[in-house]
Amino acid sequence: MSAGLIQLGLRFLIGGTVVSFFAVLGEIFRPKSFAGLFGAAPSIALATIGLTIAHDGNAYAAIEARSMIFGSIGFFCYASATSWLLMRFRPRTLTATIAMLPVWLGVSLGLVFLFSS
Amino acid sequence: MMIHARFSAMKGIRPHEWAVRFLFGGLCCVAAGIIAEHFGPRVGGLFLAFPAIFPAGASLVASHEKKHKARAGFDGTMRGRAVAAVDAAGAAIGCIGLAGFAAVCWLCLTSLRSWLVFVLASVAWLLLSAGFWLLRKSRLLHKRHARIALPIRRS
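Residue numbers (our numbering), protein chains in the order written: chain W, 1 to 117; chain L, 1001 to 1155.
Misleading hints may appear alongside valid ones.
Okay, the calculated beta carbon distance ranges per label pair [said to hold, decoys possible]:
| hint | chain 1 | residue 1 | chain 2 | residue 2 | range |
| --- | --- | --- | --- | --- | --- |
| 1 | L | Arg-1014 | W | Pro-31 | 18 to 26 Å |
| 2 | W | Gln-7 | L | Met-1002 | 40 to 48 Å |
| 3 | W | Gly-9 | L | Met-1002 | 38 to 46 Å |
| 4 | W | Ala-54 | L | Arg-1071 | 42 to 50 Å |
| 5 | W | Thr-95 | L | Met-1002 | 32 to 40 Å |
| 6 | W | His-55 | L | Arg-1071 | 42 to 50 Å |
| 7 | W | Gly-50 | L | Ala-1130 | 21 to 29 Å |
| 8 | L | Arg-1014 | W | Phe-113 | 36 to 44 Å |
| 9 | L | Val-1119 | W | Thr-17 | 18 to 26 Å |
| 10 | W | Gly-57 | L | Lys-1067 | 45 to 53 Å |
| 11 | W | Gly-106 | L | Ala-1019 | 28 to 36 Å |
No farther apart than 27 Å at their CA atoms in a straight line, the calculated lysine-lysine pairs in the DSSO-like style are these [claimed, not checked]:
| hint | chain 1 | residue 1 | chain 2 | residue 2 |
| --- | --- | --- | --- | --- |
| 12 | L | Lys-1066 | W | Lys-32 |
| 13 | L | Lys-1069 | W | Lys-32 |
| 14 | L | Lys-1011 | L | Lys-1066 |
| 15 | L | Lys-1069 | L | Lys-1011 |
| 16 | L | Lys-1137 | L | Lys-1066 |
| 17 | L | Lys-1069 | L | Lys-1137 |
| 18 | L | Lys-1067 | W | Lys-32 |
| 19 | L | Lys-1137 | W | Lys-32 |
| 20 | W | Lys-32 | L | Lys-1011 |
| 21 | L | Lys-1067 | L | Lys-1011 |
Quick caveat, the hints were computed from the structure, so don't treat them as lab data.
Given the structure is predicted, the values throughout are model-derived calculations rather than measurements.
Glycine is no exception: its CB is placed at the ideal position from the N, C-alpha and C atoms.
All chains should be built: construct the whole structure from the sequences, respecting the hints.
The following block contains the structure:
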């Protein structure tokens, strides 16, 4: 098995475990608005930055972390818009959360290109 | 409102719900790695803050609330969606902490030991998220009496 496949497998296992852990924290804490904080926990980052450092080095991981700030701003806009949509019009939750994903992509990519140029 | 942990809520999580979360989480981490390899760390880094589990998590929150109300003989569809909206508002506050986590990693990864950066970044995430949540709650307390109860329809 190639080193690349082993790394992808590791990413999958570690990622699945860390994300599940934060999802459980989100289930057990009350009130729900506090539990919602775990929906934006740095689960993917915690799972993958260590592997990125081991594979590509600290400088590469630092560049990824800088872009992660833009991704967080995109996530903030996405979560705020989703919350407003659900509260105002009460559509199906899965439909609303998936339909609003372009907000995250648009804001995040826009910020990356704005600050890269 | 007091923050508390209700461990009995874990019993309500079905095996397929565990599986969905594990699968989504694992796939998002793999996708983040592949995207970084193809498009470079600037675009790849965005996916470290991808709302990976959020759509599945929010719909499970709504579904649990609906079932909870159904056991009491009510139609909890609208209530479930309102709770999902509250969950999303909480996630929006959590994003401030997420940006703090990223900023600490960005500023410290090239100068400090990796494990120390992870500890500092996690502390930054926790303090910022909890701090802004408390700040928002304290401001909302003044409006509590003016809030209108959500309508619950009997099935």
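Here is what the structure says about each hint:
| no. | hint | verdict |
| --- | --- | --- |
| 1 | L:Arg-1014 / W:Pro-31: 18 to 26 Å | holds (23 Å) |
| 2 | W:Gln-7 / L:Met-1002: 40 to 48 Å | holds (43 Å) |
| 3 | W:Gly-9 / L:Met-1002: 38 to 46 Å | holds (42 Å) |
| 4 | W:Ala-54 / L:Arg-1071: 42 to 50 Å | holds (48 Å) |
| 5 | W:Thr-95 / L:Met-1002: 32 to 40 Å | holds (34 Å) |
| 6 | W:His-55 / L:Arg-1071: 42 to 50 Å | holds (49 Å) |
| 7 | W:Gly-50 / L:Ala-1130: 21 to 29 Å | holds (24 Å) |
| 8 | L:Arg-1014 / W:Phe-113: 36 to 44 Å | holds (42 Å) |
| 9 | L:Val-1119 / W:Thr-17: 18 to 26 Å | holds (19 Å) |
| 10 | W:Gly-57 / L:Lys-1067: 45 to 53 Å | holds (48 Å) |
| 11 | W:Gly-106 / L:Ala-1019: 28 to 36 Å | holds (31 Å) |
| 12 | L:Lys-1066 / W:Lys-32 | holds (14 Å) |
| 13 | L:Lys-1069 / W:Lys-32 | holds (16 Å) |
| 14 | L:Lys-1011 / L:Lys-1066 | holds (17 Å) |
| 15 | L:Lys-1069 / L:Lys-1011 | holds (17 Å) |
| 16 | L:Lys-1137 / L:Lys-1066 | holds (25 Å) |
| 17 | L:Lys-1069 / L:Lys-1137 | holds (25 Å) |
| 18 | L:Lys-1067 / W:Lys-32 | holds (16 Å) |
| 19 | L:Lys-1137 / W:Lys-32 | holds (12 Å) |
| 20 | W:Lys-32 / L:Lys-1011 | holds (17 Å) |
| 21 | L:Lys-1067 / L:Lys-1011 | holds (14 Å) |
In summary, the structure agrees with every hint in the numbered list given earlier.
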